[in-house]
Amino acid sequence: MKPEDAMNRNIDRRFVVPVEDGKFEFAFEGEGMEKYQLVFLDEISQGYLSVSLHFFPDGDVVEFTLYDAENRDKNKVDGVGLNRAMNDFEAEKERLFGEETEKLYGELDPRRARWRRGSRRMKS
Amino acid sequence: MAERIKAHEKLVQQWQYGYMAEHPDLHSYSLLANDLFFASQSEIDIPLAERALAALSAANPGHPYNQTIGDRLNALKYLVPGGRFVDFSAPAINGTMHTLSEEIVGKVAVIDLWASWCGPCRINSEKMIPLYEKYKDKGFTVVGVAREFKTTDAFVKAVESDGYPWLNLIELDDRGVIWGKYAASNSAGRVVLVDENGRVITPDAKAEEIEEYLSSRFD
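From first to last, the protein sequence lines stand for chains A and B.
Quick note on numbering: numbering that gives the first Met the number 0 labels position 46 of the first sequence as 45, and the sequence is numbered without any gaps.
Quick note on numbering: numbering that gives the first Met the number 0 labels position 74 of the second sequence as 73, and the sequence is numbered without any gaps.
No wet-lab data here; the hints were simulated from the structure.
You may find that some hints are simply not true.
Stated by the list, open to error - Derived DSS-like pairs: lysine-lysine, alpha-carbon spacing no greater than 30 Å straight-line:
#1 B:K205 - A:K102
#2 A:K102 - B:K149
#3 B:K149 - A:K92
#4 A:K1 - B:K133
#5 A:K73 - B:K149
#6 A:K92 - A:K73
Stated by the list, open to error - Here chain A is said to cover these stretches of chain B; the calculated rule only asks that three of the stretch's residues, wherever they fall, bring their Cβ under 8 Å from a Cβ of chain A:
#7 2-12
#8 126-137
Just so you know, even glycine gets a beta-carbon here, dropped at the ideal spot from N, CA and C.
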């Protein structure tokens with residue numbers, strides 16, 4: 000689904016993709032290039048809609064490596080074009096500001112710092 | 000501590016906007032969208048965001064983000080005390096189209112964005128009924144617009160049940176992008192109080208604040 004639909008809770012506007020043997024495939028056809036987000040259906044009701052994995056349907060193949068909600072900081076999206084740009088951006092932002100951000104939020108509230116570590120990879 | 004965090008976030012924001020200018024692609028556009036949709040109004044640097052939007056929309060002509068993000072930025076810029084209301088047109092239940100500016104011209108007005116499925120919105124709207132009755136002949140009006148999905152059945156029931164005496168319009172399936180234009184797309188409703196010149200008095204008004212303002216103006 001698109002992030003703006005997730006934000007509006009328009010969860011009807013989504014593609015539902017079955018997972019079989021721990022794997023899934025889905026082909027975008029003529030949907031135009033926008034950012035989408037991927038979320039496990041059974042985690043929507045647990046409030047994970049806002050921290051799901053963002054990606055662009057760019058290039059021939061986009062690869063996801065996904066974990067359960069507890070380990071969501073390990074989730075990964077790999078691809079070319081916009082997905083690579085997204086990953087490069089996040090890495091550079093982390094390199095430049097990550098340590099100071101962690102330090103400041105950690106001083107403010109250790110719980111918030113832990114949450115940031117968990118959600119950092121979800122943001123774009 | 001709050002000041003140090005604010006200064007740090009400002010630094011990150013400046014770097015991020017610099018990145019957008021250097022890479023005017025759809026990933027950068029999504030960064031701008033993220034900033035405008037999730038940051039609080041006070042955290043947005045409007046001139047910086049306007050420059051980024053100009054560069055990104057020029058680099059991505061015809062993209063749906065141009066309208067979505069443009070509407071959002073417009074709302075963040077103007078829906079502040081002293082700003083100007085955002086005009087829109089929407090149908091009433093009989094299908095007749097109404098334009099907001101024509102309905103509120105020369106009047107102190109409440110623009111009531113609500114939904115049949117939003118309990119708190121309806122409680123606030125019901126509290127405005129006696130205010131409307133008291134001040135409607137003194138230069139006050141209310142225009143409601145309800146954000147509904149798929150059908151208008153629940154809207155009809157809600158209007159009948161709550162007994163709103165003012166004009167109520169329908170925003171079905173976000174066709175008019177009204178919630179986007181009012182920077183309210185992540186919420187059910189918003190109540191904007193404007194004066195007779197269309198200037199925003201308060202962009203998120205409670206019935207009690209409206210009563211206080213009306214009393215100061217008309218009693």
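Results for each hint:
{"no.": "1", "hint": "B:K205 - A:K102", "result": "39 Å, violated"}
{"no.": "2", "hint": "A:K102 - B:K149", "result": "47 Å, violated"}
{"no.": "3", "hint": "B:K149 - A:K92", "result": "42 Å, violated"}
{"no.": "4", "hint": "A:K1 - B:K133", "result": "45 Å, violated"}
{"no.": "5", "hint": "A:K73 - B:K149", "result": "38 Å, violated"}
{"no.": "6", "hint": "A:K92 - A:K73", "result": "18 Å, holds"}
{"no.": "7", "hint": "2-12", "result": "holds (count 5)"}
{"no.": "8", "hint": "126-137", "result": "violated (count 0)"}
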